[in-house]
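Enquirer: Take the sequences, apply the hints, and build the full model.
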Amino acid sequence: MKILYFAWLRDKAGCSERDVAPPPGVATVGALIDWLAAQDERQAEVFADRSVVRSAVNQDFAEADTPVCPGDEVAFFPPVTGG
Amino acid sequence: MKILYFAWLRDKAGCSERDVAPPPGVATVGALIDWLAAQDERQAEVFADRSVVRSAVNQDFAEADTPVCPGDEVAFFPPVTGG
Amino acid sequence: MIRVQREAFDAGREIAALTADNTRIGGVASFVGLVRDLGGLRSMTLEHYPGMTERQLERIEAEARRRWPLEASLIVHRYGRLEPGDPIVLTVTASAHRQAAFDACNFLMDWLKTEAPFWKREEGANGECWVAARTDDDAARERWRGSG
Amino acid sequence: MIRVQREAFDAGREIAALTADNTRIGGVASFVGLVRDLGGLRSMTLEHYPGMTERQLERIEAEARRRWPLEASLIVHRYGRLEPGDPIVLTVTASAHRQAAFDACNFLMDWLKTEAPFWKREEGANGECWVAARTDDDAARERWRGSG
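As you go down the protein sequences, you meet chains A, B, C and D in turn.
Just so we're aligned, residue 1 is where the first sequence starts under our numbering, counting upward by one.
Just so we're aligned, residue 84 is where the second sequence starts under our numbering, counting upward by one.
Just so we're aligned, residue 167 is where the third sequence starts under our numbering, counting upward by one.
Just so we're aligned, residue 315 is where the fourth sequence starts under our numbering, counting upward by one.
For the record, the hints were derived by calculation from the structure and aren't laboratory data.
Here the structure is a predicted model, which means the values were calculated and not measured.
No false leads were slipped in.
Calculated cross-link-like contacts (lysine to any residue; reagent style SDA-like; alpha-carbon spacing at most 20 Å): (1) B:K85 <-> B:T111; (2) A:K2 <-> A:A38; (3) A:K12 <-> D:E437; (4) A:K12 <-> D:R435.
Expert: So, in structure tokens, the structure goes:
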């Protein structure tokens with residue numbers, strides 16, 4: 001599973017992209033965040049305030065209950081400021 | 084007093100501009116129309132249906148009760164189609 | 167700023183000139199009205215009332231600037247003979263805020279339709295005729311009454 | 315049509331290209347968003363999510379074309395480093411009817427603000443910071459919900 005970070009989430013994560021292999025029980029975006037936040041200090045900080053974290057699965061906006069599978073591209077970012 | 088005609092009112096009037104000297108009692112746009120329509124056949128036709136005639140006095144939109152004086156520029160035209 | 171002219175205009179150049187060196191501007195809304203061909207139109211001739219036209223355009227622009235916080239605005243209206251696809255009118259409004267720019271631009275066009283002394287004559291396959299005013303243009307103008 | 319690019323754009327040329335040879339178009343609304351300087355801004359850098367950005371812009375454009383009878387439409391969004399006064403985004407909508415063009419253009423901008431994966435970092439006198447999303451942008455997007 002490919003994880004992408006944008007904007008200040010990337011600054012906190014210290015990287016823009018990483019490959020991860022969460023255990024089979026991690027089947028939603030919410031569960032993935034729980035699992036990532038438990039991996040290390042930096043990840044814990046990235047997801048410290050989940051109210052300011054948005055996500056996308058395979059380039060579509062996602063919610064905490066959106067399913068994730070091995071092979072998916074999952075992105076985390078702050079609320080967008082386009083236009 | 085200078086009278087101007089635009090668009091199809093000019094076509095009907097047969098001229099775009101004329102100088103007129105209505106009697107002193109003609110003190111409003113409505114009275115001026117009555118007086119002009121009584122001058123000749125063409126003028127009568129120009130003002131036959133007053134619901135489709137708009138006017139301006141000294142380049143401001145006017146109504147039937149707008150005052151007119153000697154020296155004024157009074158224009159008659161159909162509803163505008165700007166833009 | 168307002169202009170009444172026979173010549174065509176370049177919307178991009180007008181927008182660029184209007185916004186140059188003003189970094190308070192966050193958004194520029196613009197509208198270009200074109201000669202539309204609903205079938206068989208050869209040309210359209212716009213007649214106007216020189217003098218009154220400029221007065222009315224200045225008033226319409228001033229009213230927009232009274233209602234919205236605009237950094238800059240422009241109305242360019244053409245007259246004379248135009249062909250299908252030719253630009254007739256350009257309105258541009260620039261503001262710190264995008265919604266003010268959009269609303270002011272929309273307002274300018276609605277008011278131009280009913281307050282600017284222009285008349286259109288269409289030349290088609292069957293001859294010439296004057297274009298009648300549209301009642302929905304009056305309605306479009308009226309919707310701004312409450313918000314003045 | 316949508317484009318995501320680093321380069322500047324020429325609004326006038328884009329409008330002209332979009333409307334060429336289509337005499338059904340009666341009006342073209344457009345909006346240009348610029349980098350605004352509220353004081354001390356040196357530059358703004360737009361980051362985006364390549365791939366998702368194009369998908370989202372195509373969706374937003376398709377939604378506008380579903381809601382309004384558009385003859386043509388265009389979204390151009392820049393990324394990279396920009397300076398105060400530089401153009402960021404261009405939306406253009408062309409329709410037989412002016413109000414459809416205005417509304418669709420307004421809609422595109424409201425949706426871009428909340429649906430396009432861009433993030434802005436401002437560099438000022440006191441360093442750099444990420445621009446927070448605005449709650450009134452969410453409200454602006456929501457107002458289109460009832461009319462879909």
